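Colleague: Sequence:
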Amino acid sequence: MVNFDLTEEQQELQKLARDFAQREIAPRAPEHDRTGEFPREILHKAWDLGLMNIHIPPEYDGPGLGSFDECLISEEMGAACTGMATPMLVNNLAAAPLLIAGSP
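When we follow my numbering, the leftmost residue of the sequence shown carries the number 1071, and every step to the right adds one.
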């Protein structure tokens, strides 16, 4: 039988992302939407909490988590504000080729 329950670690990651999104993103979203200001401070906080670039392997100082873990984070960030969630996640597009074909 297949178990679709989140692991304890995934539940913790989801809660961390949800709490961050509700505390940091949602209250500021209307102002950023109105002004178009880039949410640099919020991205720095997300980075400090380990909510960005989670797919980077441990040998490159990343957590080495998987795509599903990233989906859990994306869902919570996007629920708060897709305009802020996008820059938090889109940098993975640039990181992937470096991880595949880059050299240290």
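Calculated directly from the structure, the hints in this document are not laboratory data.
Quantities reported herein were computed from a predicted structural model and do not represent experimental measurements.
Among the hints, erroneous ones may be present.
[As the list claims (entries may be wrong)] Straight line, CA to CA, 25 Å or less: simulated SDA-like cross-link-like pairs of lysine to any residue:
(1) Lys1115 x Ala1171
(2) Lys1085 x Ile1126
(3) Lys1115 x His1125
Colleague: Now look at each hint and say whether the structure bears it out.
Modeller: Going down the list of hints, with the structure as the test:
{"no.": "1", "hint": "Lys1115 x Ala1171", "verdict": "violated, 29 Å"}
{"no.": "2", "hint": "Lys1085 x Ile1126", "verdict": "holds, 21 Å"}
{"no.": "3", "hint": "Lys1115 x His1125", "verdict": "holds, 18 Å"}
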